[in-house]
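Colleague: Okay, here's what each chain looks like letter by letter:
2 protein chains.
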Amino acid sequence: MAIFVASNKMTFKMAKLTSRAENYSQWYNEIVAKADLAENSDVRGCMIIKPYGYSIWEQMQAELDRMFKQTGHSNAYFPLFIPKSYLSKEADHVEGFAKECAVVTHYRLKAAEDGSGLIVDPDAKLEEELIIRPTSETIIWNSYKNWIQSYRDLPILLNQWANVVRWEMRTRLFLRTAEFLWQEGHTAHSTKDEAVKEAEQMLDVYATFAQEFMAMPVIKGLKTASERFAGALETYCIEALMQDGKALQAGTSHFLGQNFAKAFDVKFATKEGTQEYVWATSWGVSTRLMGALIMTHSDDFGLVIPPKLAPIHVVIVPIYKGEEQLQSISDYALRLKEQLQIRGLIVKYDDRDTHKPGFKFAEYEMKGVPVRVAIGPKDLENGSVEVARRDTLEKSSIAQGEAVEYIFGLMDVIQKNIYDKALKHREDNSHRVDSYDEFKRIIANEGGFVYAHWDGTAETEEQIKQETKATIRCIPLDRYDDPGVCIKTGKPSNGRVVFAKAY
Amino acid sequence: MAIFVASNKMTFKMAKLTSRAENYSQWYNEIVAKADLAENSDVRGCMIIKPYGYSIWEQMQAELDRMFKQTGHSNAYFPLFIPKSYLSKEADHVEGFAKECAVVTHYRLKAAEDGSGLIVDPDAKLEEELIIRPTSETIIWNSYKNWIQSYRDLPILLNQWANVVRWEMRTRLFLRTAEFLWQEGHTAHSTKDEAVKEAEQMLDVYATFAQEFMAMPVIKGLKTASERFAGALETYCIEALMQDGKALQAGTSHFLGQNFAKAFDVKFATKEGTQEYVWATSWGVSTRLMGALIMTHSDDFGLVIPPKLAPIHVVIVPIYKGEEQLQSISDYALRLKEQLQIRGLIVKYDDRDTHKPGFKFAEYEMKGVPVRVAIGPKDLENGSVEVARRDTLEKSSIAQGEAVEYIFGLMDVIQKNIYDKALKHREDNSHRVDSYDEFKRIIANEGGFVYAHWDGTAETEEQIKQETKATIRCIPLDRYDDPGVCIKTGKPSNGRVVFAKAY
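If you read the protein sequences in the order shown, they are chains A and B.
Residue numbers for the first sequence, in the working numbering: 1 to 503.
Residue numbers for the second sequence, in the working numbering: 504 to 1006.
Hints in this document: simulated from the structure, not taken from any laboratory.
All C-beta atoms, glycine included, are put in the ideal place defined by N, C-alpha and C.
Beta-carbon label-pair distances, calculated as ranges:
#1 A:Ser-25 x B:Gly-776: 36 to 42 Å
#2 B:Gln-844 x A:Thr-191: 28 to 34 Å
#3 A:Lys-378 x B:Asp-707: 45 to 51 Å
#4 B:Gln-844 x A:Asp-434: 56 to 62 Å
#5 B:Asp-545 x A:Asp-193: 30 to 36 Å
Partial pick of chain B residues on the chain A-facing surface, computed with a CB cut under 7 Å:
#6 Cys-549
#7 Lys-553
#8 Ala-579
#9 Tyr-580
#10 Lys-587
#11 Ala-601
#12 Trp-670
Just need the whole structure built from these sequences, with the hints factored in.
Modeller: So this is what it looks like as structure tokens:
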């Protein structure tokens, strides 16, 4: 458990969090700091993901990677650098991604002649500037051009785990950083239908991951044209509701049509011998999921982590006076630890003598360990242990003979409970609204998801955004046929879309 | 096995390799291309790691990561960008790393006014240029400064999996690329002794990985002062011998002393209440190991992969005429596959009807799958299968009842055999040399490791390098006390060092 030891020793200071009610944004920043998840670096907008935070990201990566491989994808790696000219090749893409980006112009430094330090060597200017990838469609489709000749070369189903850079002006740990970690899938297909199915399949993978592992309910939907990925014909998304009533886009999957194939001239010979452009998808989730995880479940005592993503499932804390008591407690605690480990749980026994039990309790609450077991001399006498759940903060006295089963069983119980709680929060904060006045009032005061009719035009969408700061998060995939009239213009609408203020 | 299907469909063309004897360098390039491991990108010096190559790298990562965690390390992530001024803070480090590097000078592009495309926006010039990390000591020690106050904060045992960039002028797939993938461990300690032990421990981890997993014998040693990492007091290394008689440095572990602590002013309060600078190590291996793996074992038929790192252990190829034969063969083949999978092996059944068995055999030889099983109608009649080993190219007819045990057992046999073969090659090509004439002759004609006496001066080392292109690969850790005289100067020497030409 070096993750824990190292991190809490490094910076952990036991101090109460600002409450969510008092200042939600401050609460978020404090959790990220006090649970030792990440911190800002000296490089503007770039974060340092600390060991405990990174260990949660590793759990996410492992599950997602498994799901990608189960659906037939392989990993590969493409260059960090994109020649400037590549970005211009797809007309919409350049609009979206060629603005705020890190530009490499030189390849050498040299000592300043006046001894003042290092300067950029003017003789080492690149002929063509290189952009640090903000996303890799262009460099990947430039390769696919060489890889694809015939229908037999298709499909190509690749994923890449990588760092990307978008020079954001206002950054926030995990939620929006200049450099972030992500995975980006890039697939090539011989038919439109197959590409659409792939984009939808990967959306399902993301939704399953969000719900089953992150215990975070999501709405699956389509973005409106104005919110689409730059270069996509359709952008599918999953949208989650945070505790402050703001939406967070947690993952996107794009049907790119033949746009990139046309931009990079990627054609294939069909079975019939004709030449056609290749169909494409791309899809990604990022370290932003860490922000979503934190904001979905955590409370005023700190982080709450779903057991399926927890780096540590159970912490055992001895409560003792003197070596002799500690010895008897440790004998039992280590047996309990071993039995839980056999069941596949990750267990930490914290017998540090430098900290009091109360300090440790608060620390593990802050770090979101799902279950805490405390064992004192009275427990030994009574043949019991005290089991505390992080999600409900409830404590129970459990007979030692039943402790392993009980604690093991709690993992599913907690996973389900925090999902249900998040789902209830979302349902309690989802509104069907039919007038613009009510819409404005709810968006301004209550937040949450607002299901309302919209006339389908970009103009109306933009007006509503200007007036209320609410955007259309998505057109839900499961919406039923439900004609109505636009809350803003009174024009006809086929069904409700989901509005919210968003991260 | 999408890795395989995708990759061989994409670019696989069955053609003989140039032999090692004919042109070793060409042979290497062809294997990398024909086994579909990697290719050059349009970005100078940057490679694309293709799915099959990446899957081998993933196996390496998984094992190394496990070993790092077993020795108490956690993963974290630090920024891609290093402010230019950081590089200057450690005097030796700047000499080594502030030269050929990718420099970010701007953070925005804009459309050219003449409509000619994108140009760098001159208004978006960074106040301080950012360097793409060539290695992360500086940015990490800048953080450690905030993380370390007291001896209780130590040790810090972190590792990072990341991409780094060194603007190499002459590049070669896997062996030397401008961008490469690696892991870099960075640890902080309260005593010199502990830091030295850590550097030595991680060298042992690398040596164990090289020998046990890569089946590649290595010499553990110390670099001479002139070959040390820029900023290190000692650089430990593992050195392997390739089939062409050239050495390859496969991993390094550095004892950094207090250099970075002093450069970044990182002090800690000791138990006694005094303030001391922190002691440091760093250690890394990279995708260069892929080059080492290829060159250690492969032959004129293609790649040879040790079973412990193979993405596919066994391929089963049916040999049949007509649907009915295929059906009977498949029934058995799929049962065999399942039984091997239960044993933990990764098995592919290749029943593609688009390629002949002979083509498939050559393909799997090229890709280095350790064991190939062929099943034809005669095998079914006889209750046997044909098992071919990639390492020896030997074929055996094995009774079906014994096939699972036999194939499973072959994994260890092959792992050991290719290690032994590589070790024999190294021993056959290790020379004890006592005269400079013999030294020059062997270095020029035979290559290999040359154990020779050296007077311990940088001048002599440099002269020998200038005259023969051989460098001191290392001072072996296990060298015994063996006084002698320097082959070049005749001055006294305490023991032999290892010379070779190197990659």
